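Fit chains Y, A and C to the given chain L structure using the hints.
Listed here are the chains, written in short residue letters.
There are 4 protein chains.
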Amino acid sequence: MSEGLRENCGVFGIFGHEDASALTALGLHALQHRGQEAVGIVSFDGLQFFAERKLGLVGDHFSNPNVIARLSGSSAIGHVRYATTGNTALRNIQPLFADLWGGGLACAHNGNLTNSRMLRAELVRAGAIFQSTSDTETILQLVARDRSPRMIERLIGALHQIEGAFALVFLTTKKLIGVRDPHGIRPLVLGSLNGAPILTSETCALDIIGAKFEREIDPGEVVVVTEDGIESLKPFPPKHPRPCIFERIYFARPDSIVDGKSIYDYRHALGRELAQEASVEADVVIPVPDSGVPAAIGYAITANLPFELGIIRNHYVGRTFIQPTQKIRELGVRLKHNINRSRVNGKRVVLIDDSIVRGTTSVKLVRMMYEAGAKEVHFCVASPPICHPDFYGIDTPLEEELLASQYSLDGMRDFIGADSLTFLSLEGVYRAMGMESRDINRPQFADHCFTGDYPTRLVDESYDRHQDQLSLLTESA
Amino acid sequence: MSEGLRENCGVFGIFGHEDASALTALGLHALQHRGQEAVGIVSFDGLQFFAERKLGLVGDHFSNPNVIARLSGSSAIGHVRYATTGNTALRNIQPLFADLWGGGLACAHNGNLTNSRMLRAELVRAGAIFQSTSDTETILQLVARDRSPRMIERLIGALHQIEGAFALVFLTTKKLIGVRDPHGIRPLVLGSLNGAPILTSETCALDIIGAKFEREIDPGEVVVVTEDGIESLKPFPPKHPRPCIFERIYFARPDSIVDGKSIYDYRHALGRELAQEASVEADVVIPVPDSGVPAAIGYAITANLPFELGIIRNHYVGRTFIQPTQKIRELGVRLKHNINRSRVNGKRVVLIDDSIVRGTTSVKLVRMMYEAGAKEVHFCVASPPICHPDFYGIDTPLEEELLASQYSLDGMRDFIGADSLTFLSLEGVYRAMGMESRDINRPQFADHCFTGDYPTRLVDESYDRHQDQLSLLTESA
Amino acid sequence: MSEGLRENCGVFGIFGHEDASALTALGLHALQHRGQEAVGIVSFDGLQFFAERKLGLVGDHFSNPNVIARLSGSSAIGHVRYATTGNTALRNIQPLFADLWGGGLACAHNGNLTNSRMLRAELVRAGAIFQSTSDTETILQLVARDRSPRMIERLIGALHQIEGAFALVFLTTKKLIGVRDPHGIRPLVLGSLNGAPILTSETCALDIIGAKFEREIDPGEVVVVTEDGIESLKPFPPKHPRPCIFERIYFARPDSIVDGKSIYDYRHALGRELAQEASVEADVVIPVPDSGVPAAIGYAITANLPFELGIIRNHYVGRTFIQPTQKIRELGVRLKHNINRSRVNGKRVVLIDDSIVRGTTSVKLVRMMYEAGAKEVHFCVASPPICHPDFYGIDTPLEEELLASQYSLDGMRDFIGADSLTFLSLEGVYRAMGMESRDINRPQFADHCFTGDYPTRLVDESYDRHQDQLSLLTESA
Amino acid sequence: MSEGLRENCGVFGIFGHEDASALTALGLHALQHRGQEAVGIVSFDGLQFFAERKLGLVGDHFSNPNVIARLSGSSAIGHVRYATTGNTALRNIQPLFADLWGGGLACAHNGNLTNSRMLRAELVRAGAIFQSTSDTETILQLVARDRSPRMIERLIGALHQIEGAFALVFLTTKKLIGVRDPHGIRPLVLGSLNGAPILTSETCALDIIGAKFEREIDPGEVVVVTEDGIESLKPFPPKHPRPCIFERIYFARPDSIVDGKSIYDYRHALGRELAQEASVEADVVIPVPDSGVPAAIGYAITANLPFELGIIRNHYVGRTFIQPTQKIRELGVRLKHNINRSRVNGKRVVLIDDSIVRGTTSVKLVRMMYEAGAKEVHFCVASPPICHPDFYGIDTPLEEELLASQYSLDGMRDFIGADSLTFLSLEGVYRAMGMESRDINRPQFADHCFTGDYPTRLVDESYDRHQDQLSLLTESA
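Residue numbers (our numbering), protein chains in the order written: chain L, 2 to 478; chain Y, 2 to 478; chain A, 2 to 478; chain C, 2 to 478.
Simulated from the structure, these hints should not be mistaken for lab results. Computed from a prediction, not measured in an experiment: that's the story for all the values here. Any given hint could turn out to be false.
For chains that are exact copies, the list does not tell them apart, and a pair is met inside one copy or across any two.
Straight-line Cα separation of at most 30 angstroms, BS3-like style, residue types lysine-lysine; simulated pairs [unchecked claim]:
1) Lys175 - Lys328
2) Lys55 - Lys337
3) Lys213 - Lys328
4) Lys213 - Lys365
5) Lys176 - Lys213
Looking at chain L on its own, in the form it has when it is part of the complex (with noise of 0.2 angstroms):
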């Protein structure tokens, strides 16, 4: 389950609106599954930037009327995050500010540069004070040193140095722009309310505020919202489209539209694959909770089995309950999810899952479901094997630590304890997906997950990573 992957960022930015950061809070609030460790907003008056970057929830921070209050101004952009790049320090929590000359420039990053060390290590040596470890800020210290006269060009210029995912919005004195990466790997919508021009992450950020839906942004395009409009940028050389295949197997909102389809949709689409694909005699249908639901209601319709909710989660597990002691580890509490034995007693069940990462969650639920008198488990899995570490912004684990890689599909299904373990195919889910079948030389999505093709170079990677610290600083909240 994909619980093991973590999605870096969601971003949100409005132009003139007279409640652009309430908005922009709720529109974060409604982009909290992107990041839940820390939520930060911007705004700026037409004199000052006002800024709030906090730890936690929006909830937890930005329903206060106060705080809203505090960030006053037209225009304003936001962030919730994971820490990827960087620890989780106060200092790390976007958007990053810097003061430039000719005015602020706040800043707010989806994704994962994969030059930023060596860039980081260059600027340093020329004289550059990083204020943070991320390396969302290396692309605020290239816009300081571009010597090109106009702000829109010193960006484009650092643009152009940075390799990557990267789906930002950033704010100025005058402008709102966007900026996504020339695949397109991480993911960015313009919007808009009562004429207000809105830059966010997903659909379901524009939903929750009641704005109109207006278009994806393209791969590559730059777009600068000004008080006289929207005007689009194309200033990269045209790549082909790679949008991140996770999104739709597990990132994005079920409700958030992508490509004219919900991400709902595709998902179910991946059931029905799956259900093609595996051939199992089973009893009921029951999806690890929530990621797995329409998949597993995709599957339940097309293998004519009863869709069922045999595990049920806790959702209010939301910061990590620690185990005192190590009789209580013993016990191997069920902080998050329990069974509903009635549904699971004397059944085979096909157990849904959308993917496997370090497959240590399904060890526990294969045997909580033998526990309660399963008859049979079938782990049917969504989508391939992850056997490749992702370097765009998903925090996934070491490549050593992925159940894939370490064990062949027999083992894994050992591991696991299940009776039958099936993966769906990758041509399945690009069938999934709509597509006729994956283009091996163009592929249509950033797959590499599945199968170690990358999109772009990973320059950071081949630069020692461990040749220096980001900081020798360590400071408390």
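Then chains Y, A and C, alone, in the frame of chain L:
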């Protein structure tokens, strides 16, 4: 949808386990759905009682090992709560504690007394000083004044004076005591973990720590746990059991077991009964998440219609998001629910909810359905109309705020704006519970919200509620 | 030096002023020297009482206008405290409040009852539940149980049962009431601001707000302030006054006026008497700051020696600095005092302190003097040896920890390490207070710490202190 | 009284002691009088730097052993501060830290640069991103950009570009470095504890930990402490020393030693000089506490008048007490000072203060004196009139707010309302400092507040201060 109803509590107690307070914290975490405002634990280490009582979720405070370490001892009781009687001040957070002649007494209470205001007035007149405004303190004050030599006798003396619904756990210097009111309105079960007895509101609190379910406490039973074992007393004149029907319809967790069946099964059966009573032509069955899901699955199977998640719920809504300006309020912000448009557009939808209280959310969801392109919306409710308030620990609105007490069925349908509105019949409910029918003379459940047939006298209702304030003191936390 | 002694409280109450709670906060700030652990204010607005009770200094919490705004109403009482009876838990912070039959009652107490443990045991046996471990709550519980029809009668009924030292202010829905114990051990004065009566511990709390000093409350007097004016009752059989001598020697602020003279003047006179009794050849008179300064000035004038600040005190020592390692502790860190070397080096020094309790600071200061080059150090104390503990609200060490109960005069001198050690005689103290001599049969002061002659019975001392704990409950704040 | 002046900082650094951060905390506690707004410590453990930077007093945060434990390592530097350049935001709390090419650099600064705004503008134009609005960060940015191979060379390169007053301590991965500006305007001393070198602002920070005073750092000296010992560099062209006269008159602690004498002695001498210059018939000498005390003692001895504490100061005034209503403000609340009436009533009073800035407190004290019955009040000031602002780290009011720049001597006397007003002459100050007279060509002190003769250029004063904001960002803490 039953979110207009709020349960007032969950309780947990364990005796004779070295990790008593950690296990209590975990048990309360599993009961978090029963109350999210405040949580408290009192432990006893053979010499001293230790208390921690806090506003917020269990995990906000009790996942800190230092807090657990302060709650030393091998016995502990705990409580999660909503406010019903009394406000949310710190002084009302349970377990309550009193230093009595002969030792300390801690108490955690699920339910509500129907004669506590009258008893309180008498006690104050006689010189009692109340610490809280909670009805539960009345029990402690009665115990304090009883002149019987033994604590258990004083406790039973107090219990004879109170009326209403009460599932209680007490901790003394020697005993863990569980009490369920004569009608068994609120639930209480007995479990054990490696020989350590546990008393708690639902079986899911046993499952989380891998404890064994022993049995339900009988209505009117007093269970006394000491180092010498478990003793069962039946001090009350017998009454016929009337457990609260809303535990099955809405409150209890789907994986909890009541009377040998899972709550999920009861709700599934409610959905099946509903499908048989309702005759709706439709394309898809959509639940109001999360509480409507089991009934919707049952409905879909019986009606032979596809079950789909047409409404996506944002589980990060914990604390209320404040909507700072009029303009934003007018947006009709979709904080909690969004429509999965692709499953609704162009469809005839059966929308399944477990119940309707005020109807405000129902109106909003129906409107969202039409906005998403639904051709027809048939609102089907897996329980009868709620016409009467509860006085036993469910925080119902005033009678005049209940939708069903304001409108006829047609009026309700018009209010909600659906094409049709169907409620499950009272007899349907009883059938789903496995009864042949409701016994008019001795109803098998506390179903007064549907029928107005209350299981006990309502002393405080005749006693003028507005005669006096419970306390003249307001203190900030 | 008297810092081994800690006063237990200061009180303030005002009736009929629109800024009642703000003025109470200011008054308590002026009384901060009487207690720095906790502070509370209760106000009454005609309908409700409002309480704020916090650990820390007055300014930490009550300089916040929001806090003052929450304490609405035109009457208020407040309290600053050290712990004497009872620990520092939140539940012991005064003013205490009780919802009684007939209305609320708030109480703030300076002093200590000598029969409260016995009364508490009787009350608990009779069914009373205590909220705190404070002796003050005994008074509220006695009032609660009194069956007299009028609140003032119930209050006087309770006062007849308590023994010890008590300067009390009460706030009811109608009245502000001040009470001083029959011996007048603890101080209480009456003042007024624009017609609004004020009751408080010292005149300095009147000065801070520009209020007029009216008179001291008589020993045994009960002052009742209502909208109709001020009434004085004398419900107790008359006793001869014995105000606490330590208020003059150490506790009260130097600018407070007692019996027509400033506390500074009394201390100045103690220094002058000391100079006449001591015959020391020396070069300079140096006070132990700040409490020894007035006596040292008096001494220097009489002895015709220069007065110099030879010890510099760091006033930022508020909370205790923890000394993290053994190595650091061995440094003998000078957190609070440093020597002004140039005024000590090569000199014969008279070091003046107001009193000696344990002697630990004295040892340290004498050693620092010699290290700074003092040729001789003559330690002169402006009061007699303290041989007996106090039970009236001064937090004295156990008798066996008092330096003067462990050693002869020579032994004390050796312990302290000074060249000579001189205490002012008891008769010298009385002369400095303006008396001809101490009246052995009816001593004019509560001087039991010097003489062992206690003004009241010590009921709780014979009642076994260790028979029972006041409370079995420990709760973190 | 000099409380209208606020010092901007105290610094402390220690190298090679296992309790480095604890000793730094204690040293800063002794320097608390130099800044009470914020405090920070950075330590280095051989691999990592650790920072803790907080608003509030040293004891509020750094008496917690957990905090000290987090600051591991055998070298540390620390800082207490008032705000001068820059606001009170968290980002301005020192020590500042930067990850530079070649290692980390932490910096704590007492003083103020007079060309930092100009330098900052140049650096920002060249691409530097500033984290703070502090002038101190300019130094770090200059070091970052210097291309010299060794850190110490880069540091000296930066120092050559800055102007103004600076006592600096730096911590690198190898060194503790101390720097005093060429005029030695701000103080810096060298001490040692068991062989571990210490650099700090005043000797009282050595005394608190029992460290040995070695010597004052010379004006223009750079002291480099490494494991191999202490090296002294003199990289600047020599200038004649002009230490700030206000350190002696007001800022330094009375027990600190400067130039072989205690600060107390200098102030005592100022009082003696004042008595010789002033010819006032009077009955008593009363200091404005606490800063006026040493001068008043000196005055009283010379004038052969009794010294008495006629004004009592409340030392619990830490944070500002807000006066919530107009009515209360009109009361003229005496938060900080009260008159000891018995020493004033009917007397001719000489009131001694160290200096007058705005005069607002002086007015109030004189009025309180008369209200307390003073027959005459002669206000004598132990320094000359302050006519000019400071730009070297003392937070002076604008020139037009200085009393002495608004009025003639008679006008000041009338404003203050005293019977007479006397200032010590400039020559008197120099005599009290042990000089024969002020050297007009090479004044021995930075005495520009009296004379307008500034020791350095004031570059930023001609550079338009309002040309740009230092930062466009406002962030809440």
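Verification of the hints:
1. In this homomeric assembly, Lys175 and Lys328 come within 30 angstroms of each other (Cα to Cα) only across copies, at 24 angstroms, whereas the closest approach inside a single copy is 60 angstroms.
2. Taking the closest pair of Cα atoms, Lys55 and Lys337 come within 30 angstroms of each other both inside a single copy (26 angstroms) and across two copies (22 angstroms).
3. Taking the shortest Cα distances, Lys213 and Lys328 sit within 30 angstroms of each other only across copies (17 angstroms), while inside one copy they are farther apart (54 angstroms).
4. Taking identical chains as interchangeable, the C-alpha atoms of Lys213 and Lys365 lie at most 30 angstroms apart only when they sit on different chains, with a minimum of 19 angstroms there against 43 angstroms within one chain.
5. In this homomeric assembly, Lys176 and Lys213 come within 30 angstroms of each other (Cα to Cα) only inside a single copy, at 20 angstroms, whereas the closest approach across copies is 59 angstroms.
The structure shown violates none of the earlier numbered hints.
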